[in-house]
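S.K.: Spelled out from the first residue to the last, the chains are:
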Amino acid sequence: MLKNTIYFLVLALFVSACTLEPEEFEASKGTADFTKTIFLGNSLTAGYSSGELYQSAQMESFPAIVAQSLIDAGFMESFKQPLMPNETGFGKRLKLGYSTDCTGATSLGPVGYGVDPDLVAAGTSIAADGPFQNLGVPGAQVSHLLYSGYATLNPYFGRFASAADATILGEAVAQNPTFTVLWIGNNDVLGYATSGGVAPITPTTTFAGSLDAIVSTLDALGSKGVLCNIPDVTSTAFFTTVPYNPIPLTSQGNVDALTAAYANYNTAAAAQGLDLIEWTLGANAMVIEDPTNFAGMRQIKPGELVRLDIPQDSIKCYGWGTQVPVPGEYVLTSDELAEIETAVDNFNASIAAVAADYGWAVVDMNGMLEDIANNGRRIEGKTYTIDFVTGGVFSLDGIHLTGNGNAIVANEIIETINTNYNASIPKVMVSNYSGLVFP
Amino acid sequence: MVAFTASLMAEGYQVNLQGQKNTGMGHTGTGFLLGPSIIHFNPGGLALYDKKMSFNAGVSTIFSNNIFQGAEGLYEAQTENPIGTPFYFYGSYKINDDLAVGLGVNTPYGNSLKWEDDWAGRYLINSISMRSIHIQPTVSYKINDWLSAGVGMTVALNSVELNKSIPITGPNGDSEIDLEGSTTTFGVNAGLMFTLTEQLSAGISYRSQMKAKVTGGTATLDVPEALIANGTFPDETGFSATLPLPNNINFGVAYKVTEKLLVALDINYVQWSVYDSLVFDFEDNTPAFQDSRNPREYSNTMIYRLGAQYDLMDELTLRAGAYYDATPTNDEYYTPETPGANKIGLSGGATIRPFENFEIDLSMLYIHGQKREAEYVPDNFKGTYYTNAFIPGIGLTYSF
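Chains as they are written, first to last, in this note's numbering: chain C, 3 to 441; chain Z, 36 to 435.
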């Protein structure tokens, strides 16, 4: 008997010693109701990454991450995304791989995914599986959310729209959302930026009007929510990777030849008090198209930005930037940058104003990305920057986020909700999500 | 051969399981004699041991748990600790009434833990196995009726193996780096024992610090081929690093309350401040692969120990003890490589004497680590750590 008792006590001590029972995180929904949380937006919301929308990227979209936290905390029962049927989407996905340029040099960089897309499967309607709580549609501008017929124009919406004349907002309204996360407006300025100042910027009044229409509709249904503001394009890898002076001159002969070739231009430019086109040994600024210049060209200035997708072969082997002015669509000039900055400021002011009108909160994505762009951000032993490929925030298209980038965004949204709705939604570990894969 | 990995059983990477009799009494033993383990606790006391010859060996089995909880979230990760089995061996020989010699072989430092695969702190540490076997020939001399002195020369065989992930993903997941190295160091263990009255004794001892400097270590990298091919990373390189084993200054008193009951108090002062940072100096560097300096900023700590033993009968002695072990880890430089906490230890033990000259020593120690909220600031890795352990141990003593 005594022996048994001792045996039992030893066993009990052993078992209790071997289990640690940590205090659980105390989640709280504060003043918000997340029962039916809807995410509205564009490609960033959809989970687009490395040039395409595909299933594994959607699984790590920031809506999926935020929703999982809400589900884990018990504030939301289920969450469904309009998942693509596979990993190739509509076929524009990129991966890291080797390519050989016109000089015969092989280097590591973005290349095609290398698997033929199944376009029929990608375009097949999955509306019957709905409703969906991630209503992000790649390419959508603010007014598109209200646009009946958008499903027939945009296959990413078409594939999950409940009807041909459905609106994105309508898909949300039909679900009676209690909470909304809206990140829209990037394409209203990004289109202009990524086309090098060709596609128009949405007028501020149109932007503000559409945004108010969306939020007022949802607010009237009793939804609360957060509005994410728009980051400056200069905080994205798409515009910060290719330098303004990517032309290396290593021989004095080349320097002299180019200087001679632009001698006539320089004489005329000097007469007009314009900057000269000058060449030296080392890194040189590209010659770009500029219709405002008397000769339709000039040398790009420091601070002006070049698109990530400028054809490198054209620079290396076909005289772009030296003998042929780089087409304007690949460059954001200082005038265009000023317009973009104004537009971003105006849109973000509209976002703040609309949020204030309805008592919604603003997630300062602009401030967050600017901080990462300026300072980098160390998270769980990894340094995240906006550098292309190595930075870890942006995917291979330079605009859309990696899984890690989405997790950073998700934590920012959670932080804003927690602060403004007196809630305590659990944050996630950023390193539990994925980044780019090297060969 | 007994596996000798140990696991975090005292603060920092010290292992305080150096005698089952001592462990049963809260690991006291600087100020009184508990057999040959005095070689470790206080070499000054060995000359007082009345046995002509003695052998004492023991092993403990560590079942430990560590849990990490991410800050402001639900994330949890655990260690899959291999079961640690630190051991000791002591032998003593009394040359004459005043002079004794002895040899100790034990593992007073060690750290072995493995966090679960792909855990969120993998860029800080995946697994570590640090081992240190100390071989200590010792001589002790009884100077007069109230004072005896002793000194041992310690040769330590140290080895370390460490694995962490590198935040670059390849076809098979995250990249990794493996660091492996070993080194031999020398130190001193010296002490004085005071026999103050029939009932009261006291002792002080000093174990010198050793700086375990690994110079011929091997760093093996598992990174995507593309990044080895283009020279971003070496695939293998040498490294050097230094892990200090700190000074210990120990003070103990013991009082015989009755013929059968003894109580003891020990205070250990551990000069952990010597562990300022862990620096890896790699032979081959690239812009992406630099030497790394990892601040640790440990503080000196005190451990307070209390123990008692009661001779129930000739064949059986019972022991109990408790201690409070303050952590040397820093709130801002707190790494999951050595997840320290202020710890409370509760122990019990017994010695059974089935026949003459032979003893079986049993001990049981439960360690409760206080919940620790801390951050490794350089890596922005923040959370709450929980730790505990259950350590049964057995030892045998043969003496005549």
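Treat each hint with caution, since some may be false.
Said to hold, decoys possible - Interface residues of chain C toward chain Z, partial, derived using beta-carbon atoms under 8 Å: (1) 94; (2) 97; (3) 128; (4) 129; (5) 131; (6) 428; (7) 437; (8) 441.
Hint data in this document are derived by calculation from the structure and do not stem from the laboratory. Note that the coordinates shown come from a computational prediction; the quantities given were computed from them, not determined experimentally. Don't be surprised by glycine CBs; every beta carbon is placed ideally from N, CA and C.
S.K.: Could you run down the list of hints and mark each one as holding or not?
M.R.: Quick rundown of the hints versus the structure:
{"no.": "1", "hint": "94", "result": "21 Å, violated"}
{"no.": "2", "hint": "97", "result": "11 Å, violated"}
{"no.": "3", "hint": "128", "result": "30 Å, violated"}
{"no.": "4", "hint": "129", "result": "33 Å, violated"}
{"no.": "5", "hint": "131", "result": "28 Å, violated"}
{"no.": "6", "hint": "428", "result": "4 Å, holds"}
{"no.": "7", "hint": "437", "result": "5 Å, holds"}
{"no.": "8", "hint": "441", "result": "5 Å, holds"}
The structure fails to meet hints 1, 2, 3, 4 and 5 from the earlier list, while all remaining hints are met.
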